[in-house]
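Residue numbers (this note's numbering), protein chains in the order written: chain A, 84 to 219; chain B, 84 to 219.
Mixed in with the good hints, there may be bad ones.
Identical copies go unnamed one by one, so any copy, or any two together, can satisfy a pair.
[As the list claims (entries may be wrong)] Straight-line distance between alpha carbons at most 25 Å, and here's what the computed DSS-like set of lysine-lysine pairs gives:
(1) K192 to K130
(2) K140 to K130
(3) K192 to K126
(4) K192 to K87
(5) K87 to K130
(6) K87 to K140
(7) K192 to K140
(8) K133 to K87
(9) K126 to K140
Since the hints were made in silico from the structure, they are not lab data.
2 protein chains.
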Amino acid sequence: MHLKQNTDYSLRILMYAATHRDEMVSAREICEFYDISYSHTVKIVNKLGKLGYLELKRGRYGGGIALAIEPEAIDIGTVVRQFESNMDVVECFDPDTNTCSIAGGCRLKFFFQEALDSFFNALDGKTLAEVLPPQK
Amino acid sequence: MHLKQNTDYSLRILMYAATHRDEMVSAREICEFYDISYSHTVKIVNKLGKLGYLELKRGRYGGGIALAIEPEAIDIGTVVRQFESNMDVVECFDPDTNTCSIAGGCRLKFFFQEALDSFFNALDGKTLAEVLPPQK
Chain A
84 MHLKQNTDYS
94 LRILMYAATH
104 RDEMVSAREI
114 CEFYDISYSH
124 TVKIVNKLGK
134 LGYLELKRGR
144 YGGGIALAIE
154 PEAIDIGTVV
164 RQFESNMDVV
174 ECFDPDTNTC
184 SIAGGCRLKF
194 FFQEALDSFF
204 NALDGKTLAE
214 VLPPQK
Chain B
84 MHLKQNTDYS
94 LRILMYAATH
104 RDEMVSAREI
114 CEFYDISYSH
124 TVKIVNKLGK
134 LGYLELKRGR
144 YGGGIALAIE
154 PEAIDIGTVV
164 RQFESNMDVV
174 ECFDPDTNTC
184 SIAGGCRLKF
194 FFQEALDSFF
204 NALDGKTLAE
214 VLPPQK
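Same shape as in the complex, but just chain A (with noise of 0.2 Å):
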């Protein structure tokens, strides 16, 4: 059982945004620092700054990114559905694309929605503040 990649990457990213608070960093100092693909990083922070968790100022001089909100508003169920756009845990829960046979009566679906359900309710109400790496 896996989180996208993405969803992985967005809270990495508000983690290091956290603990540069002090400065504007770069697209380019975050890849570098979780060897992640540039055009990847930059695609996450612009989901990112249009979620309204990252200030993203352009230009060359004084541009960079930047936390927008306090650590302790970032929700991390809220962030971390935001980037599973997929929650499709089985093929039975989307109807357009379900191939089962039995899905019909099936109740495996709903025990699977519960379940999805507790996996969320156990990371809702955890912020980005308590996740972050003590300061040095």
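Dock chain B against the given chain A, drawing on the hints supplied.
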């Protein structure tokens, strides 16, 4: 967030066997019923046999597949754990392949482990008998 396709199929195969308890079934009819490839079906059937969920009798006459234990004794959480060999929700769960440079001090891993535990706790105690479609 997904489970592996094999996990989904393993539960479907168990359900098929559970709803055909008055006869031996064949891998061929299971794969046709669910529109899964034959070789894929055989592989999962064999694993379910080794795990003690299915009884596999060889032979052209009288051979076939049958549920080896009662549906009430088959725990959904246990089956899912047995088929989800890789439980690395995010990269840093596996220290051998982790590349994240902040893994040492980051507490995200513990929150994800807690969420994963909640996912399985929700499935534990649910049995195959409870997910079966109503018998006609």
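Okay, the hints, checked on the actual structure:
{"no.": "1", "hint": "K192 to K130", "result": "between (31 Å within a copy, 23 Å between copies)"}
{"no.": "2", "hint": "K140 to K130", "result": "within (14 Å within a copy, 55 Å between copies)"}
{"no.": "3", "hint": "K192 to K126", "result": "between (33 Å within a copy, 24 Å between copies)"}
{"no.": "4", "hint": "K192 to K87", "result": "both (21 Å within a copy, 15 Å between copies)"}
{"no.": "5", "hint": "K87 to K130", "result": "within (15 Å within a copy, 27 Å between copies)"}
{"no.": "6", "hint": "K87 to K140", "result": "neither (27 Å within a copy, 41 Å between copies)"}
{"no.": "7", "hint": "K192 to K140", "result": "neither (44 Å within a copy, 31 Å between copies)"}
{"no.": "8", "hint": "K133 to K87", "result": "within (19 Å within a copy, 31 Å between copies)"}
{"no.": "9", "hint": "K126 to K140", "result": "within (15 Å within a copy, 54 Å between copies)"}
The structure does not agree with the numbered hints 6, 7 stated previously, though it agrees with the rest.
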